[in-house]
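*Asks:* This is what each chain is made of:
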Amino acid sequence: MYAPSFAAPTTVAEAVQLLANASGVARVLAGGTDLLVQLRSGVLKPDLIVDTKRIPELRTITTEGGGYRIGASVSGAEAGEHAGLSKDWPGVVEAVELIGSTQIQGRASFVGNLCNASPAADSVPALIAVGATAVIAGPNGEREVPVEEVPTAPGRTSLAKGEMVVAIKLPPKPARTGDAYLRFIPRTEMDIAVVGAGVCVTLDESGKCTAARVSLGAVAPTVLVVDDAAAALVGSKLDDAALAALDAAARAACKPISDKRGTIEYRTKVAGVLARRAAATAFKRAGA
Amino acid sequence: MAPDGTPALKVVGTRPIRPDGVDKVTGRAQFGADFQLPGQLVGKVLRSPHAHARIRSIDISKAEAVPGVKAVMTAADMPEITSEEAFVGEGPADFKDMSGNTMARDKALYDGHAVAAVAATSAAAADAALAAIVVDYEVLPHVIEVEDAMVEGAPILHDDMFTSGVDPKPTKPSNVAKRMVFQLGDVDAAFEKADIVIERKYKTAPVHQGYIEPHACVAQYAADGQVQIYCSSQGQFMVRAYVAKLLGIDISEIRVTPLEIGGGFGGKTLVYLEPLAVVLSRKSGRPVKMAMTREEVFRGSGPTSGGTVWVKIGAKRDGTIIAGDAVLKFQAGAYAGSPVGPGCMTAFAVYDLQDVRITGYDVVTNRPKVAAYRAPGAPISNFGIESAVDELARELGMDPVELRLKNAAKKGTKAAYGPTFGDIGCVETLEAVKNHPNYQASLGPNQGRGVASGFWFNIGGESSATVNINEDGTAVVATGNPDIGGSRASMAMMAAEVLGIEVERVRPIVADTSSVGYCFLTGGSRVTFATGMAVVEASKSVVNELKARAAKIWDIPVEAVEWQDGEAVPAGSNAGDFEPLSLEDIAAKSGRTGGPIASTSSLNAQGAGPGFGTHVVDVEVDRETGHVKVLRYLATQDAGRAIHPSYVEGQIQGGAVQGIGWALNEEYIYDDKGRLENPGFLDYRIPVASDLPMIDTVVVEVPNPRHPYGARGVGEVPIVPPMAAMANAIQDAIGIRLTELPMSPPKVRKAVDEQAAAEE
Ligand SMILES: Cc1cc2nc3c(=O)[nH]c(=O)nc-3n(C[C@H](O)[C@H](O)[C@H](O)COP(=O)(O)OP(=O)(O)OC[C@H]3O[C@@H](n4cnc5c(N)ncnc54)[C@H](O)[C@@H]3O)c2cc1C
Chain A
9 MYAPSFAAPT
19 TVAEAVQLLA
29 NASGVARVLA
39 GGTDLLVQLR
49 SGVLKPDLIV
59 DTKRIPELRT
69 ITTEGGGYRI
79 GASVSGAEAG
89 EHAGLSKDWP
99 GVVEAVELIG
109 STQIQGRASF
119 VGNLCNASPA
129 ADSVPALIAV
139 GATAVIAGPN
149 GEREVPVEEV
159 PTAPGRTSLA
169 KGEMVVAIKL
179 PPKPARTGDA
189 YLRFIPRTEM
199 DIAVVGAGVC
209 VTLDESGKCT
219 AARVSLGAVA
229 PTVLVVDDAA
239 AALVGSKLDD
249 AALAALDAAA
259 RAACKPISDK
269 RGTIEYRTKV
279 AGVLARRAAA
289 TAFKRAGA
Chain B
5 MAPDGTPALK
15 VVGTRPIRPD
25 GVDKVTGRAQ
35 FGADFQLPGQ
45 LVGKVLRSPH
55 AHARIRSIDI
65 SKAEAVPGVK
75 AVMTAADMPE
85 ITSEEAFVGE
95 GPADFKDMSG
105 NTMARDKALY
115 DGHAVAAVAA
125 TSAAAADAAL
135 AAIVVDYEVL
145 PHVIEVEDAM
155 VEGAPILHDD
165 MFTSGVDPKP
175 TKPSNVAKRM
185 VFQLGDVDAA
195 FEKADIVIER
205 KYKTAPVHQG
215 YIEPHACVAQ
225 YAADGQVQIY
235 CSSQGQFMVR
245 AYVAKLLGID
255 ISEIRVTPLE
265 IGGGFGGKTL
275 VYLEPLAVVL
285 SRKSGRPVKM
295 AMTREEVFRG
305 SGPTSGGTVW
315 VKIGAKRDGT
325 IIAGDAVLKF
335 QAGAYAGSPV
345 GPGCMTAFAV
355 YDLQDVRITG
365 YDVVTNRPKV
375 AAYRAPGAPI
385 SNFGIESAVD
395 ELARELGMDP
405 VELRLKNAAK
415 KGTKAAYGPT
425 FGDIGCVETL
435 EAVKNHPNYQ
445 ASLGPNQGRG
455 VASGFWFNIG
465 GESSATVNIN
475 EDGTAVVATG
485 NPDIGGSRAS
495 MAMMAAEVLG
505 IEVERVRPIV
515 ADTSSVGYCF
525 LTGGSRVTFA
535 TGMAVVEASK
545 SVVNELKARA
555 AKIWDIPVEA
565 VEWQDGEAVP
575 AGSNAGDFEP
585 LSLEDIAAKS
595 GRTGGPIAST
605 SSLNAQGAGP
615 GFGTHVVDVE
625 VDRETGHVKV
635 LRYLATQDAG
645 RAIHPSYVEG
655 QIQGGAVQGI
665 GWALNEEYIY
675 DDKGRLENPG
685 FLDYRIPVAS
695 DLPMIDTVVV
705 EVPNPRHPYG
715 ARGVGEVPIV
725 PPMAAMANAI
735 QDAIGIRLTE
745 LPMSPPKVRK
755 AVDEQAAAEE
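Chains as they are written, first to last, in my numbering: chain A, 9 to 296; chain B, 5 to 764.
Just so you know, the hints here were simulated from the structure itself, not pulled from any lab data.
Check each hint, because a few of them may be wrong.
[Stated by the list, open to error] Here's a subset of chain A near chain B, in silico, CB distances under 8 Å, partners left out: (1) F192; (2) M198; (3) K268; (4) G270; (5) V278; (6) V281.
[Said to hold, decoys possible] Which chain B residues stay away from chain A? Per the calculated CB distances, all over 10 Å, these: (7) F35; (8) E84; (9) V143; (10) F186.
Glycine included, every Cβ here is placed at the ideal spot set by N, Cα and C.
Construct all of the structure, not just a fragment, from the sequences and the given hints.
*Replies:* Printed below as a string of structure tokens:
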């Protein structure tokens, strides 16, 4: 009968050691809103589960050089209640707050969302758009990588054996910068993104875009960084031509599948729509 | 004054707290999966992974050898039953088919069809046993869609099924179980006289009732052959009758105790697990508990039909509808018995038409056998007919409510399915819409308004009730109908009204099959009407007895005693002679005046008043994503008399919401092997609370003369109009007629793109 080992260490060093020494499959348990579902349905049977919620530094949001360091087990609800974070990066916060329901919000983390490596993960395009990084601890010490380098395929990450994410870092917000995230689901809650779009723009004093990042979720095996879409925005004040170019670039980047949640044709069209709408919000926030 | 001329009502029409409310909000209520018996085993079902397959053999030897496994069963452990019409469910059914549906015998007919079951000391041992059962399948070609199943050369599900209702009698087996025609007048001649004819075909998807509580039961087969079943269902007497028939057990040997039911909507009017649990208990000698997972509910239990609805209506330029013709093709799932009959009968029932014809086909496909779902069949035909009537209103440039008012069924209208309507409230529901602020609210761009009306027969039938007066003057009302929609409250209220006491002094219970007289199941919107009638009858005879006891105490003739406000008072020549005797007084003295006071009424209630409703919905369509947002929703309905208005409103709101889900997102998605891809609430999308506005309701009351307080059934009408109302609103918003359900975002976006392409 299946009976995994369970550990709840109180330091990162201990957690890394447990993960590194584990025989068989080891999994980190943050909020568990993905992991427990996978355990119950039997799709995943890890030999070791390491709960990281008892590690104090993984439970806090701290400011660092004008940016933020979000501990790996911080829940969506905690992120949403953080005034500074919500003010500086509203797109990131609205993305994590879209996850699940009130109950799920009390548990679900950015890092769990990222490391579950679903192409439809809601917070990931928003994190990528603002240039967030993941701090990874492992047997050989710490390293820091852009968020987009963590997921490699559905359900797969670039983390090596013994490694875990300890924090997400958001950069300091440049002046006249705004971010936004939008997803499409057939309902209003409790659903998986058919398409997600994260956009971050920085404007000059005249309101012209000087820098942009665009990221799309659920339209390829991993969340996409769409440079062509960002390029469509740079130099513009979000006029119709820029919007049309953004829409086209977003659609061109899509490599979706047809499945029960949406057809290729539909997902592609909606990716363009959401990119435009998210860009409009990001511009508005940058100008405000 | 009440409709029958008696004094104004004191309890009926008020909104007391429901007697089962505290149990339900504190979690004390015992639902199907909460019940336990000492020593119980875990029962689980092995289900077919194939949509259509011959079962060559089943080897259970390895499963029986798994440690902890106490019993393994297949169809071989159930008696083979001959074809016989089942009588206690909702909708047509056959015992042989029912037996086959609970456990496949020679063929598995759908993905999820039960083929074997096990009972073991733990869930893990049961799972291991299921994995150890070896079924040798010969996979056969399958068919999922109704019209595909009707074509020549389609895979045939049943070699012995020959279409009935066609002349001459067919010689080749077919997936079409039955053809039926309902008609009135001369339709073809009537169309000749029409100025405008609308003709179109519509399609609906099969949808599940979506009850939150999966099927669950505990069964115990004792050494002396007595069977105890504890389960949640829409009728403990239904479970008793079906288990008796399917397993060849005398009814007197079976006692079924109803547990709380967490939603049924028609889907719990038949048995799935109970016969299996009884067989497993008989084989193991231990009680067996079985509970479905959500995945099993979707794969193994019945949704309602999907179907196609071809409609043709003809009208005069002034808006008088003079002819209606429709052809309905409903898929029944794996066995015959879709609700196409009621689909036909209700199709044009909201209209006063002299010339009308409806043809229906009942068709089997490799999907779970359909089960009843609120107003079985009516929402499907209504979607077609009310969409077409909306198109007619557009052609005529007429307000859709005015068009319906002009043609509405009234007292004296002869319905295509036979009867002539008595007192009905179709017109009143339309007037209520016209007078409601929602109908005047202004609409913005991409917003639109849709109207549709609907009809359901409502039924009466057999019911029993027992009223016991306790020695302290309180009362217990026992009935045999599971309380799904607040019926305990209504039963207590009607008893309190007759007895003239506060409703809090009446304790309503839902009794087991050995403790109360027979009650037909909770379905057909019948309980408040029919069982309510039994409660009123039993309460009235209790009052007669109370008067007799007072007469005895006072030593005056019983005719000289009246019952007023819960007290016996001397009347006539004896008026004022004695102090009134309260119910408490009489109860306290009952030992000395003849013993306990109680009464039972068993009856077959006739004259259920038909129900009508009209819905108006405002939507906003996002043309770029195809998302449809419901802005405002109003449902008006004739309740005859709302015994407890909150539960009438609740029924209306719930029906409307289920209809919105049916309209927008709910569908079964099959892969090319006929396997269900979305057996869960994540991808089978019923609406969530944040998808919806407040559902506004207006209850109109056109009393049903056949019920003591004028009640008519209310539970089914509200799911009939929503789909057409939604489609009509979408058309109003974006100028596009959607003819296929669900009107999900990809479909709406596609239609928008097609319209744009056509305009270029
Ligand atoms: C009802 C419901 C609704 C949902 N709705 C949404 C939604 O709207 N949008 C959405 O994107 N998701 C949704 N989800 C999925 C899930 O809630 C999110 O992905 C959530 O962010 C996961 O976070 P968690 O902390 O619960 O992760 P967990 O389940 O604890 O972990 C998820 C994965 O990440 C790994 N992991 C966790 N922490 C670390 C770490 N520090 N280092 C390395 N690996 C780690 C785990 O081993 C596991 O593989 C929903 C889930 C449910 C049950």
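*Asks:* All the hints need checking, so say for each whether the structure fits it.
*Replies:* Cross-check of the supplied hints:
1. F192: holds, 6 Å
2. M198: The hint holds - A/M198 has a Cβ within 8 Å of chain B, the shortest such distance being about 5 Å.
3. K268: Where the cut-off is 8 Å and the nearest Cβ of chain B is about 5 Å from A/K268, the hint holds.
4. G270: holds, 6 Å
5. V278: holds, 6 Å
6. V281: At about 4 Å, which falls below the 8 Å cut-off, the nearest Cβ of chain B leaves the hint on A/V281 intact, so it holds.
7. F35: The assertion about B/F35 holds, with a minimum of 20 Å to chain A.
8. E84: Holds, since 36 Å exceeds 10 Å.
9. V143: holds, 23 Å
10. F186: holds, 37 Å
The structure shown violates none of the earlier numbered hints.
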